Amino acid sequence: DAKTTQPPSMDCAEGRAANLPCNHSTISGNEYVYWYRQIHSQGPQYIIHGLKNNETNEMASLIITEDRKSSTLILPHATLRDTAVYYCIVRGTSGTYKYIFGTGTRLKVLA
Amino acid sequence: ETGVTQTPRHLVMGMTNKKSLKCEQHLGHNAMYWYKQSAKKPLELMFVYSLEERVENNSVPSRFSPECPNSSHLFLHLHTLQPEDSALYLCASSLDRGPYEQYFGPGTRLTVT
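Quick mapping for you: the protein sequence lines, in order, are chains P and Z. Just so we're aligned, residue 1 is where the first sequence starts under our numbering, counting upward by one. Just so we're aligned, residue 1 is where the second sequence starts under our numbering, counting upward by one.
For the record, the hints were derived by calculation from the structure and aren't laboratory data. Values in this document were obtained by computation on a predicted structure and should not be read as measured data. Do not rely on the hints blindly, as some may be mistaken.
Simulated restraints, written as ranges between beta carbons of each label pair [stated by the list, open to error]:
id, chain 1, residue 1, chain 2, residue 2, range
1, Z, G28, P, N19, 28 to 38 Å
2, P, I39, Z, R63, 24 to 34 Å
3, P, N19, Z, K41, 48 to 58 Å
4, Z, R9, P, K108, 23 to 33 Å
5, P, A13, Z, R63, 43 to 53 Å
6, Z, N17, P, T65, 46 to 56 Å
7, P, N53, Z, G98, 32 to 42 Å
8, P, E14, Z, K40, 19 to 29 Å
9, Z, G14, P, N30, 44 to 54 Å
10, P, D11, Z, K40, 34 to 44 Å
11, P, M59, Z, K40, 19 to 29 Å
12, P, I100, Z, L27, 35 to 45 Å
All C-beta atoms, glycine included, are put in the ideal place defined by N, C-alpha and C.
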């Protein structure tokens with residue numbers, strides 16, 4: 001599974017869009033990009049995933065570059081409850097299917 | 001109950017004790033997982049079960065013994081643990097072993113004294 005690189009921390013003003021970047025330059029053609037978040041001492045929560053096309057759901061949007069070497073998770077209107085550690089994970093469709101969690105980005109939403 | 005539940009939420013045990021962690025998923029999933037999250041470290045996958053069969057064991061010490069009696073329940077039996085085993089233990093489930101999103105429980109905060 002490809003390795004991902006994320007900034008260790010980011011701040012965002014409440015009500016503004018939070019844009020969380022992720023680099024996955026070694027991603028291969030059959031690997032998906034997944035995003036999870038973990039609010040302090042709770043279990044991780046699935047947010048969204050995608051392969052090539054941009055994806056949107058009720059929580060967030062995922063923008064994947066055309067070469068698929070990076071992606072951005074967008075929380076359109078961040079609230080204080082979005083303060084969490086956000087993990088970007090690249091995972092294939094064969095093999096052990098396991099997620100490899102890195103250290104993620106600690107997002108702090110400021111009032 | 002909905003989603004993935006874990007009991008107990010907090011556990012303190014001595015190094016000579018034997019205890020068990022329980023996980024139950026109400027999602028009709030076929031795959032279940034145990035993860036360990038030590039302080040300020042990334043989540044580490046411990047075990048994977050698919051249709052009650054263990055399909056992965058990531059070099060976990062034998063003092064951790066998993067059990068999956070059916071696709072809805074997963075246990076982690078603990079015995080003669082060490083203080084460095086203190087961590088948040090998380091259970092997750094997914095539709096199957098494939099590239100499906102995982103749903104996590106709230107975790108059990110374990111302290112070994």
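Hint by hint, here is what the structure shows:
no., hint, verdict
1, Z/G28 x P/N19: 28 to 38 Å, "35 Å, holds"
2, P/I39 x Z/R63: 24 to 34 Å, "30 Å, holds"
3, P/N19 x Z/K41: 48 to 58 Å, "27 Å, violated"
4, Z/R9 x P/K108: 23 to 33 Å, "26 Å, holds"
5, P/A13 x Z/R63: 43 to 53 Å, "47 Å, holds"
6, Z/N17 x P/T65: 46 to 56 Å, "51 Å, holds"
7, P/N53 x Z/G98: 32 to 42 Å, "19 Å, violated"
8, P/E14 x Z/K40: 19 to 29 Å, "27 Å, holds"
9, Z/G14 x P/N30: 44 to 54 Å, "47 Å, holds"
10, P/D11 x Z/K40: 34 to 44 Å, "20 Å, violated"
11, P/M59 x Z/K40: 19 to 29 Å, "26 Å, holds"
12, P/I100 x Z/L27: 35 to 45 Å, "23 Å, violated"
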